[in-house]
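Enquirer: Construct all of the structure, not just a fragment, from the sequences and the given hints.
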Amino acid sequence: MDESAAGPRDLSSQARWAMGKAARKRAPRRIHADWEPAADRPDPLDVLQAQAATREKDLVPIRYGRMLASPFTFYRGGPAIMASDLAASPTSGISVQACGDAHLVNFGLFASPERDLVFDVNDFDETLPGPWEWDVKRLAASVAIAARQKGLPRHQQREVARLTVRGYREAMLDFAGLATTDLWFLHMSSEQLTDIAGQLEAEFGIEAPKLAPDRLEKIFARARARDSLGAFAKLCQSDGETVRLASHPPLLVPVRQLSAGDGASRVAAGIRLAFDNYRASVSDARRALLDQFEIVDMARKVVGVGSVGTRCYVVLLRGKSREDVLFLQVKQAEASVLEPHLGVSSYPNHGHRVVAGQRLLQALPDSFLGWSTMPDGNDFYFRQLWDMKGEIDPSKLTVGGLGIYGALCGWTLARAHGRGGDEVAIAGYLGKSDTFDHAIADFAVTYADVNDRDHERLAAAVAAGTIKSATTP
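Counting from 1, position 340 in the sequence shown corresponds to residue 1429 in this note's numbering; the numbering is continuous, with no gaps.
Worth double-checking, as some hints may not be accurate.
To be verified - Straight-line distance between alpha carbons at most 20 angstroms, and here's what the computed DMTMM-like set of lysine to aspartate or glutamate pairs gives: (1) Lys1557 - Asp1147; (2) Lys1390 - Asp1303; (3) Lys1485 - Glu1290; (4) Lys1478 - Asp1316; (5) Lys1323 - Asp1413; (6) Lys1557 - Asp1135; (7) Lys1521 - Glu1292; (8) Lys1299 - Asp1328; (9) Lys1307 - Glu1292; (10) Lys1110 - Asp1263; (11) Lys1307 - Asp1205; (12) Lys1390 - Glu1296; (13) Lys1299 - Asp1284; (14) Lys1478 - Asp1205; (15) Lys1146 - Asp1465; (16) Lys1478 - Asp1303; (17) Lys1239 - Glu1545; (18) Lys1485 - Glu1306; (19) Lys1409 - Glu1330; (20) Lys1307 - Glu1280; (21) Lys1239 - Asp1538; (22) Lys1409 - Asp1380; (23) Lys1239 - Glu1296; (24) Lys1409 - Asp1316; (25) Lys1239 - Asp1531; (26) Lys1409 - Asp1328; (27) Lys1299 - Asp1482.
Claimed, not checked - Pair by pair, the computed Cβ-Cβ distance ranges are: (28) Gly1554 - Gly1266: 55 to 65 angstroms; (29) Pro1179 - Ala1104: 33 to 43 angstroms; (30) Ala1310 - Ile1384: 23 to 33 angstroms.
Bear in mind the hints are in silico, worked out from the structure with no lab data behind them.
In this text, all values refer to a predicted model and were calculated from it rather than measured experimentally.
Just so it is clear, CB atoms sit at the ideal spot from N, CA and C, and this is done for glycine as well.
Expert: Below, the structure is given as structure tokens:
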């Protein structure tokens, strides 16, 4: 079932540009700066508690503990809060396949199917057709919050957010002029990331020493080391003959230890059945490869911040030898946090929704992506667990580096929106002036204020004992 958000491609580029420019009458670009929380804004803790109701009860305190750590981690865990806040905000009316949670840490490095290191958006749990502005605001606010956490003054928080949006806008203007197939196949390799970072430094007139070529190469090297052999060394234990996933509760717990007797057997049988059904969602060639492996163990794994408490497993598969292994992540897919505000997905399986969104927005998606359903009716998607995954830690960047990195993420988000929407119409709305950049920068620091207050509410609830939190190693 198609869930495309692409624009009216039957129109000429000139007509699409004019349509985007005309959308400024519906939502003037400056109006994005005027956002304030609604008087009847839902209690953010109620939003989080509603999500917790469907999650693994023993893991929910870990989610709150991770969100409590800082305003930035709170923001990472609260896409449902922001979706509610943005629901009544003005938009251009131009829809894209939205990421749904495009914060700064949901961009990163991973291996392409050709085994090259690339940089792209890497989280699609909340993807759904929707306003492109929501993704841009989510990204810009995350940059402002990251800057605030570093102790940077308000004017610098605003500036790095502005540079992020400038990176998005200028990239979209460039993409509007590309041939359709050139944009479709465009991606950011590690080499291109280094080059574009240097170009942005020169264009913006700022320095980013932590993003210098030698520093980036160290980050790339660490990412390349995060492969199946690396996962084997970190996640497995062996008695010399049998290899099993290690037990590191509560973050990694073999399924055989989750519950006694039939309970563990039911979970294991459910994962095996879901794996069999998952095979039907991948290509014939990928299925032939999977057929050369056998499942030898499985474990529950805690991942991320906002996802903590959803059901997530790692499956260890063995090929022709003990060290010939493949690790797959099996992650629960719930309804997107955007659905209450934009309508229900056309995909009956939320794992299918996530995979379809990722395949549309990412230039070089994981070739093991697929979806399935457990016997209990919960939807899941499959992907590789470690496949040269790496990240650029925003907390280690200088103010200049944060602005450049934000712009790199802005470039990447614009490329994704160009694949999953109408890049010409969006470019027509944005225009060549920096009006939109400044408006979203103002929004970003305002939202950082609201996020601070929400984080304080969580801290107060934990202190009062009304919400239980737990810390993990």
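Enquirer: Now tell me, hint by hint, if it's right for this structure.
Expert: Now for the hints, and whether the structure bears them out:
1. Between Lys1557 and Asp1147, the direct Cα distance comes to roughly 11 angstroms. Compliance with the 20 angstroms bound is thereby established for this hinted pair.
2. Taking the CA atoms of Lys1390 and Asp1303, the gap is about 34 angstroms. The hint is violated against a cut of 20 angstroms.
3. For the hint pairing Lys1485 with Glu1290, the CA-to-CA distance comes to about 17 angstroms; that is within 20 angstroms, so the pair holds.
4. Under the criterion of a C-alpha separation no larger than 20 angstroms, the hint pairing Lys1478 with Asp1316 is consistent with the structure, at around 8 angstroms.
5. Of the pairs offered as hints, the one joining Lys1323 and Asp1413 holds, with about 15 angstroms between alpha carbons and a cut-off of 20 angstroms not exceeded.
6. For the hint linking Lys1557 to Asp1135, the alpha-carbon distance of about 14 angstroms falls within 20 angstroms, and the restraint holds.
7. Pair hint Lys1521 plus Glu1292 holds up; C-alpha atoms about 15 angstroms apart against a cutoff of 20 angstroms.
8. In summary, the hint linking Lys1299 to Asp1328 is not supported, as the alpha carbons are separated by about 42 angstroms, beyond the 20 angstroms threshold.
9. Annotation: proposed proximity of Lys1307 to Glu1292 is violated, straight-line Cα distance about 25 angstroms (limit 20 angstroms).
10. With a C-alpha separation of about 16 angstroms, the suggested pair Lys1110 and Asp1263 falls inside the 20 angstroms cut-off, and the hint holds.
11. A distance of roughly 16 angstroms separates the Cα atoms of Lys1307 and Asp1205; the hinted pair therefore holds under the 20 angstroms criterion.
12. For the hint pairing Lys1390 with Glu1296, the CA-to-CA distance comes to about 39 angstroms; that exceeds 20 angstroms, so the pair is violated.
13. Pair hint Lys1299 plus Asp1284 holds up; C-alpha atoms about 14 angstroms apart against a cutoff of 20 angstroms.
14. A threshold of 20 angstroms between alpha carbons decides the hint, and for Lys1478 with Asp1205 the separation of about 11 angstroms falls inside it, so the pair holds.
15. Taking the CA atoms of Lys1146 and Asp1465, the gap is about 17 angstroms. The hint holds against a cut of 20 angstroms.
16. Straight-line distance between C-alpha atoms of Lys1478 and Asp1303 comes to about 19 angstroms, which keeps the hinted pair within the 20 angstroms bound.
17. For the hint pairing Lys1239 with Glu1545, the CA-to-CA distance comes to about 18 angstroms; that is within 20 angstroms, so the pair holds.
18. For the proposed pair Lys1485 and Glu1306, the alpha carbon gap of about 16 angstroms is at most 20 angstroms, so the pair holds.
19. About 14 angstroms separates the Cα atoms of Lys1409 and Glu1330, which keeps this hinted pair within 20 angstroms; it holds.
20. Under the criterion of a C-alpha separation no larger than 20 angstroms, the hint pairing Lys1307 with Glu1280 is consistent with the structure, at around 13 angstroms.
21. Proximity of Lys1239 to Asp1538 is assessed by CA-CA distance (about 15 angstroms); at most 20 angstroms being required, the pair is judged to hold.
22. A threshold of 20 angstroms between alpha carbons decides the hint, and for Lys1409 with Asp1380 the separation of about 12 angstroms falls inside it, so the pair holds.
23. With a CA separation close to 17 angstroms, the supplied pair Lys1239 and Glu1296 stays within the 20 angstroms bound.
24. This hinted pair checks out: Lys1409 and Asp1316 have alpha carbons roughly 18 angstroms apart, not beyond 20 angstroms.
25. Only pairs whose Cα atoms come within 20 angstroms are accepted, and Lys1239 paired with Asp1531 is accepted, the gap being roughly 19 angstroms.
26. Proposed proximity of Lys1409 and Asp1328 is supported: the alpha carbons are some 18 angstroms apart, at most 20 angstroms.
27. Annotation: proposed proximity of Lys1299 to Asp1482 holds, straight-line Cα distance about 10 angstroms (limit 20 angstroms).
28. One distance hint, 55 to 65 angstroms for the beta-carbon pair Gly1554 and Gly1266, holds here, with the actual separation near 58 angstroms.
29. Distance hint for Pro1179 and Ala1104: a CB-CB separation of about 23 angstroms, inconsistent with the stated range 33 to 43 angstroms.
30. A hinted range of 23 to 33 angstroms for the beta carbons of Ala1310 and Ile1384 is consistent with their spacing of about 31 angstroms.
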